Structures are given as C-alpha cells and as structure tokens.
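Whole structure, please, built from the sequences with the hints as guidance.
Those protein sequences? They're chains P and S, same order as listed.
With the first letter of the first sequence counted as 1, position 160 gets the number 160 in our numbering; the numbers rise by one all the way through.
With the first letter of the second sequence counted as 1, position 47 gets the number 1047 in our numbering; the numbers rise by one all the way through.
There could be a bad hint or two in this list.
What the hints assert, rightly or not - Where chain S lies over chain P, by a calculated footprint (3+ residues, C-beta under 8 Å): (1) 217-229; (2) 254-263.
To be verified - Only pairs whose alpha carbons sit at most 25 Å apart, straight line, appear in this in silico BS3-like list of lysine-lysine: (3) S/Lys1049 to P/Lys287; (4) S/Lys1081 to P/Lys287; (5) P/Lys287 to S/Lys1045.
What the hints assert, rightly or not - Some residues of chain S that are not near chain P, with every Cβ distance over 10 Å (derived): (6) Gln1006; (7) Val1019; (8) Ser1021; (9) Val1035; (10) Thr1098; (11) Asp1108; (12) Lys1114.
Read the hints as simulated data drawn from the structure, not as lab findings.
Since this is a predicted model, take the numbers as computed values, not measurements.
We put the beta carbon where it would ideally sit given N, CA and C, even for glycine.
Each chain, letter by letter, is given below.
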Amino acid sequence: SSGINAEYGGMDDYVAEFERKRKNSKDTPVAILAIHVLNDFVSKSNVGTLQQLLEQLKELSRQLKATAGSSTTSVASGCDLFVRFITLSRGQNAPSSEIDILECKGFDPVRKFLVDRGNLFMKRLKDSRRKIAQLAYPFISDGVTVLTVNMSRVVLEILMKAHEKAKKFKVLVTESEEGPLMVKKLNDQGIQATLILDASIGFVMERVSFVLVGAVGVVENGGLINKLGTYPVAVMARSLNKPFYVAVESFKFYRNYPLSQLDLPNDAKYENAEDTKHPEVDFTPPKYINKLFTDLGVLTPSAVSDELIKLYI
Amino acid sequence: AVVSTQSTGVDSRPDLSGVSSCERLTAAGIPCSYVYINSSTYIMKKVTKVMLAADALLANGYVLGPVGTAMMGLIANTYNKPVIVCCETYKFCERVQTDSILYNELADPDSMLKTLNAEESPVAGWRESPNTRLVNLVYDTTPPALVSIVITEIAELPCSSAPVVLRRGAVKM
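So this is what it looks like as structure tokens:
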C-alpha cells in the first residue's frame, strides 16, 4: 500500500491545505472548501489518463471526508457531485466550441475540459446560497413567525434577504448547540429573534407560521439529515399542520437511503469514532417535509430523487 | 459480512407459493417462520422490515403485485415498518392504474375449492348455484405512499420516482 501512496504523492499537501482553509474560513461550508481543493488538484495534476485521475480524486475525497468531522455527509456528497459534474460531457449536443471528451488525442485537452467544468461548478456553487435566498424570501410575508433549528448559514441568508426587502417578521431559534450564535447574528442584522428551549417546541408551535431549517444532507428519498432535534420539530409541525421547509444547497444531496434512524452511517452520526453516546444528527423522513428550497429550484421531496437520478444514472 | 437474520414468510391460498420460498431459505441456512396471511397483524409487531416482490411498477408509482401485497403494505405501515419492494427495471410499465378493479386477471376458480383438511369444500357445487361465484384475483395494486423504497438492479429509489426511470430508460435507448 505504500507503493500506491507513492503514486499519489503530494496528496497530503492537499489535505493540509483543506485543514488550513477550514481554520481560516468559518463562514464557507466545509464541502465547498473540499471542492476547492479537488478543483485545485485537477488543474495541477500531471497524470496521463482519465481513469488515473478519477482514482486519485476518489482517494483524495476519501481522505478529505475522513478529516471532515461532523460535515462528513456534505463533503462526501459534494466531492461525489464534483467528480460527476466535471466528467459529464454533452458529446454530440455540445456547442461547436466544446470538445467531445471521447474524441481527444492526448490528455491535455481533456484536462482543460475538466478544469473548465470544475470552474463552472465552483461558480455555480458560490451562487447557490444567493439563489436559494432569492427563491425562498417570498415565502416570508409580513407578520409571520418563523421557527428554525440551530445555526444555519443558508437560513440566515434567506432571513437577511427578506429583511432587506423590508418584511416584518419574527424568528424563534431552538437552543440546540449553536442556537445562541444564530440569534446573535440575526439580532445584529436588526431581525427580531428569540432563543427558545428545545423542550418548548410543543409550547410555541401553535404560534409559528412555518418552520424553516437548513440541512447537513438530503438523502435519496428527499429525507433530511440535520442537527439532532430536527425530527421532533418536524413531527410537531406536521401534527399542528404547520409547513416544514428545508433550505439546502444541491451539493448536499447525499447518495444514501436510510429507512430508519439507525440506518445513518456511523461517520455521519458521530463527530469522532470514540464518542458514540449521543448522535450529532437525526433523520427526518420525507413525509414530514413540505418543500425544499434549493439552487435547482423549489422541490418536493420526491423531486430530490429525480434530480439525483438525473445526475447519477 | 454475515448478518444474522430471521425471516417470516407470509403465504396465502390457493397458490401457497410461499412454501417453496421458505424451503429455499431454510436450505440456505436462514431460519424461516411460515404464517398464513390471516395472521400477518400478529407477526407484524415482531418484524423489523417487510420485503415484497412486484409483478410491475406502474407509471404513477403504484405497485402491481400478487394479490395480498397491498394488504401487507397497509399493515406494515400501520405498525410503522419499512416496506421494501424488489423489482427489476424491465417490470417498469407505462400503464397507470389506481385500483385493482380497473385491470386484473382471474385464475382458476376451482383451485379455491382445495381445503386444508380432506373435506369437500361447502361451495363445491358453485357452478350449479345461481347465487355463488368464485373470484380468484391474481393482482392487486399498492399505492406509492405505503412503500418506503424500491430496489432495482440499477438504483434504489422512492416509489414515486418510477416514471423518472422510465423516462431515463427511453432516453438511453
């Protein structure tokens, strides 16, 4: 196995770069940083065949995933989607300026094609939160009370956009782990936000207009993986007929199909392998979710699998 | 990996096709219990997952299976057990159907006369009686809301995504 590592060479540099980026940019999703690193790797790689490159990308993705901690699912899905996207060539239907990836002689035009696709993917990624905010803010009308769980940068962006458009609304944030941080950020923007105990969601739900949460990952059947405590909120919302919305970027679409809470992979549930007493995340089945706001549009849970099928099959 | 499983085969008259499945499972070393469909509510509490086979997957996501499938799906849902439908993609069909009456097939009615003990069935003379008919339905339809996952040879999907596979299949060909 040391022979294989020798081939892969400076992969440790890329993993170190990934760790460095994570320390420096707390605001950017971890998955986007991982995709940055992969894109870098593609442009600087010196392999001669596509197969070799894909193998190396898979190995690098695996290493990044291993250091990602609680963002394992989004890094896994993001890296997977990146590789899928850059190798998806339109072939005969491409405009004349695009090359047919199968017809090239030598690897350099192919590498250029992959790098261009990678840059396009990065550009679309950067835009994803803004696109989601654009789609979602009309759902916040004057006088609504929004309930959200824990800290979510996507939800924050949506609420900031609605505030920017001079909507008057209130936000309730469950304490969870980073709830206070979310409340602080909202209050800093001038949005009225209140911190509530996780145990009080039953008490407040009758006053809530709708629930809007972010996501760690979205699975194949449209179900949601999010911070522990999201599932009870969803069940409570369904019980009182309150809409339950999820705001999620498309790189978080995860190729997994859990049928129950225990079906979630261990590295998604726990931050580190030793501390397996309490999981970090829980799984909300698709029947509790009304709509998903994604950069691919406003989707129903069943449309998520349609999108995944389009990408993977 | 060896996972320890136990299975329960649910069978229904008149075909009793579950017998051969149970025989094959026990021959493979998997402990298998055999029950009639009448007792499915009794065993459903103890079961963790329900696996059903399909004869076809329709374009609106409904599962066309051997009669009794819909009943198992409904009972499994009541007890909150996941329902897994196993179906190859060649069984995906453009037809749309929401109930079992619109299109169905009738099998041999006389096979319903077979009783478990050797006695003659009370309706043995059904052909002579003007008021008695024996209806041996072959298929029934299960709505997609009752199915947790459909496993095909190319993917695992939610039941409502069956039309997507049909579309993709057509594009590929």
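Status of the hints after comparison with the structure:
Taking a C-beta to C-beta cut-off of 8 Å, the region 217-229 of chain P contributes 3 residues in contact with chain S, enough for the three needed, and the coverage statement holds. Counting residues of the region 254-263 of chain P whose beta carbon lies closer than 8 Å to any beta carbon of chain S gives 3, which meets the minimum of three for the stated coverage. For a cut-off of 25 Å, the pair hint linking S/Lys1049 to P/Lys287 stands: about 19 Å separates their Cα positions. Restraint check for S/Lys1081 and P/Lys287: the C-alpha separation of about 15 Å stays at or below 25 Å, so the hint holds.
With a C-alpha separation of about 22 Å, the suggested pair P/Lys287 and S/Lys1045 falls inside the 25 Å cut-off, and the hint holds. No beta-carbon of chain P comes within 10 Å of the beta-carbon of S/Gln1006; the shortest separation is about 18 Å. With a cut of 10 Å on Cβ distances, S/Val1019 stays outside the contact zone with chain P, its closest approach being about 28 Å. Chain P leaves S/Ser1021 outside its interface by the beta-carbon criterion, the shortest separation being 22 Å against a cut-off of 10 Å.
At roughly 23 Å, the least C-beta separation between S/Val1035 and chain P is larger than 10 Å, which holds for a residue marked as non-interface. Distance check for S/Thr1098 against chain P: the nearest CB is about 17 Å away, which clears 10 Å, and the non-interface claim stands. For S/Asp1108, the condition that its CB be more than 10 Å from all CB atoms of chain P holds, with the nearest at approximately 38 Å. Residue-level check passed: S/Lys1114 sits 37 Å from the nearest beta carbon of chain P, beyond 10 Å.
Violation of the numbered hints given earlier is absent; every hint is satisfied by the structure.
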